[in-house]
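Chemist: Going down the list, the sequences are from chains A and B.
Heads up, the first sequence is in the numbering used here, so the first residue is 1 and it goes up one at a time.
Heads up, the second sequence is in the numbering used here, so the first residue is 1 and it goes up one at a time.
Treat the hints with caution; some may be incorrect.
[Stated by the list, open to error] Pair ranges (Cβ atoms, derived):
#: 1; chain 1: B; residue 1: 199; chain 2: A; residue 2: 81; range: 49 to 57 Å
#: 2; chain 1: A; residue 1: 199; chain 2: B; residue 2: 270; range: 31 to 39 Å
#: 3; chain 1: B; residue 1: 34; chain 2: A; residue 2: 199; range: 31 to 39 Å
The hints are simulated quantities; they were obtained by calculation from the structure and are not laboratory data.
Yeah, the Cβ is synthetic: ideal placement off N, Cα and C, and Gly gets one too.
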Amino acid sequence: MEIMQRSKKTILSFILPALIIYIGIVIIPIFNTVYYSFFKWNILDTLKFTGLNNFINLFTKDAIFIKSMKNTFLLMFWSLAIQTPLAILLAIAISGNIKGKRYFKTVFFLPNILSSVAIGLLWSFIYNPEFGIINRLLSSIGLGNFTRLWLADEKTVMGSVIAVICWQFVGYHMIIYLAAIENIPAELKEAALIDGVNQNKMIGYIILPLIRPIVGIDMVLMATGSLRFFDLIYVMTNGGPNHASEVIASYMYYKSFRDYQYGYGSAVSVVLLTLCLVVTFLLNKIFQTEEIQY
Amino acid sequence: MKYIFRKHKKIQTGAIAFYTILIAFSITCLYPLIWLILNSFKTNSELFNNPWGITTNPVFENYTTAWVAGKIGISFLNSAFVAVSSMLITIIIASMAAFAITRLKWKLSGVVLGFFLLGVMIPIHSTLIPLFMIFNKIKLTNSYMALILPYVAFALPASIFILTGFMSTIPRDIEEAVIIDGGSMARIFWRIIFPLSKSPIATISIFNFASMWNELMFALIFMSDPNKMTLPVSLTRFKGQYSTNWTVQLSAIVIMVIPSITIYLFLSDRIIESMTIGAVKG
Chain A
1 MEIMQRSKKT ILSFILPALI IYIGIVIIPI FNTVYYSFFK WNILDTLKFT
51 GLNNFINLFT KDAIFIKSMK NTFLLMFWSL AIQTPLAILL AIAISGNIKG
101 KRYFKTVFFL PNILSSVAIG LLWSFIYNPE FGIINRLLSS IGLGNFTRLW
151 LADEKTVMGS VIAVICWQFV GYHMIIYLAA IENIPAELKE AALIDGVNQN
201 KMIGYIILPL IRPIVGIDMV LMATGSLRFF DLIYVMTNGG PNHASEVIAS
251 YMYYKSFRDY QYGYGSAVSV VLLTLCLVVT FLLNKIFQTE EIQY
Chain B
1 MKYIFRKHKK IQTGAIAFYT ILIAFSITCL YPLIWLILNS FKTNSELFNN
51 PWGITTNPVF ENYTTAWVAG KIGISFLNSA FVAVSSMLIT IIIASMAAFA
101 ITRLKWKLSG VVLGFFLLGV MIPIHSTLIP LFMIFNKIKL TNSYMALILP
151 YVAFALPASI FILTGFMSTI PRDIEEAVII DGGSMARIFW RIIFPLSKSP
201 IATISIFNFA SMWNELMFAL IFMSDPNKMT LPVSLTRFKG QYSTNWTVQL
251 SAIVIMVIPS ITIYLFLSDR IIESMTIGAV KG
C-alpha cells in the first residue's frame, strides 16, 4: 500500500500533465513578459535592451497610461463603493423566509451567466443616442435636457460603463453575502430576538460583524476583477472617446496588438500584475481573517 | 386598539415598500433582456420609430442573416467545440493532479498545491504577449489548440482547489480494500476516486464552461480567421460589419445568450452555487 502510494512513477504520471500545462502556459510566460518589459521591441525592430526605460516612460511621459491608471482605480473604487453596500442590503433583504425568495435570487444572479460581450453590445444599444431607451425615456418624462451621447461623451462614458458593471455583478456578490448570512446559526438570531434586539441592531451587531471576513474576501475579488477589467470596455467603447475610458488592460491590448509595441505592452502588463498582487496583499492585511467563533 | 391598528398599518406599508424595491430591482435585471428579445424581431425602422412596443409582424430573417451570412452559426459551433473540449480536458487532468496531491504520498505535495493556487492571482494579460509569440512561431494561432491550452491552464488552479478540498475528505480505507484485491493506483483513481468526486466535478464543469464559453481576450488575439472565431469575437466583429443593421445585431446577441439562459432556467440553483463556490470557500 505505502509503496504504491510512494511510487515516483505513479506520482509523476498523475501530476505531470497538469503541472506541464500550468508551467508552460501560465508561469513561464510571466517571466517572459517581465523580460520583454526591459526591451524596446516593435514589430519591425529586433529587441533592443533599454533597461527601465519603458517603465520610466509609462509613469512620466505617457499621459494616456496615467489616464488608464486613474480610470482603473475609478472603476475599482465605484465598483466597491456601489456594489458592496448594495449587495449586502439585497442579501439581508432576501435572507430569511420571504415570499418569492427563489425568484429574486435567480433573477438578480441572471446577468452573471451572460457573456460580457453580449451584455456590452446590448447596453450599447440601450445607451444609443438615437433609439436607445435611456434617452427616449428621459425625453418622454420631460427630462429631455438630460439626454446625452452616453458612450461618446468623455464626461459620461466612465459612469455609463460603471453602471453596467454594477448591473452585471451586484447579484454575484449578493449571493456570496447571502450564503454568509445563512451560515450564521439560527440560535444566535433567535437568542438576540428573545433579548429584544430590533431589526437594525440585529444587522449592526450580529449580521455585519459575522460576515466581515466574507466581505474582505469578496472585496479582494472585486478589486482584482476591476484591475483586470477588459471585455465590457473593449465592446462598449474600445477605450474611447479619445482614450477617456481607457483602462490598464485595454491600454495593454492597444499598445501590444494595435501599435505592435510588444516591449512597451509587456511593461504595462507587468504593472497590472504587480497591482493585482499588491492589492490582494493589502486587502488581505486589512481584513486579516480571524476564524469566527459562534 | 387604535395603537395596534396604526402599528399594523405601518408594518404593511413597510412590507409594500420592501417588495416594491425588490421587484423594481428585479425588473432592472430582466427588462434589458426582454427588450433585446422583443426588438430582435423588428425591422430597423420599427426599432427606430418604436423601441418600446411589440412588433405585429416579426422578422425571422434577422436570425437567418446573423446565423448564415454573419457566420454566427460557424462561431457557435467553434465556441461549443472549444469550450467542451477545454472543459473535459480540465476535468481529467485536474482530477488526476488533485488525486496525486491528496491520495499519494510525497514530500512536495503541499508545495505543489500552493504553487497551483498562486495561479488564481495571475491575470491572463501578463501571459498574452509571450503566448502570442510562441503560438505564432509554432503555427498554433487559428487552431483550436491555441484556445484550449490557455483555457485549460487558467482553469487548473481553481479546479484543483475545489477537487483537493473534496478528495481529502474521502476515507483512506477505501484504497486499502482495492489494493488487497490486487488493484493498481490507476484503478483506484478511475474506478473509485473519480466516480466518487461527481459533485465537485459537476461544480468545476459549470464554472469552467461558463468562463470558457464567454472568454474574449485570448480568442480575440489568437483567432483571426473568421471561420475559426468563437462567438464573443464574432459578435464584436459583427458590430462593425452590420453597424447599420441594428436588429440583425440584436438577433446575434440573442443567439449568444439563449443557450446560457435556457440551461440556467433548469439548473439555476446548481449554477449559482458552482459559480460562487470559490469565493464562499476561499
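Chemist: Against which earlier hints does the structure fall short, listed by number upward?
Modeler: Number 1 only.
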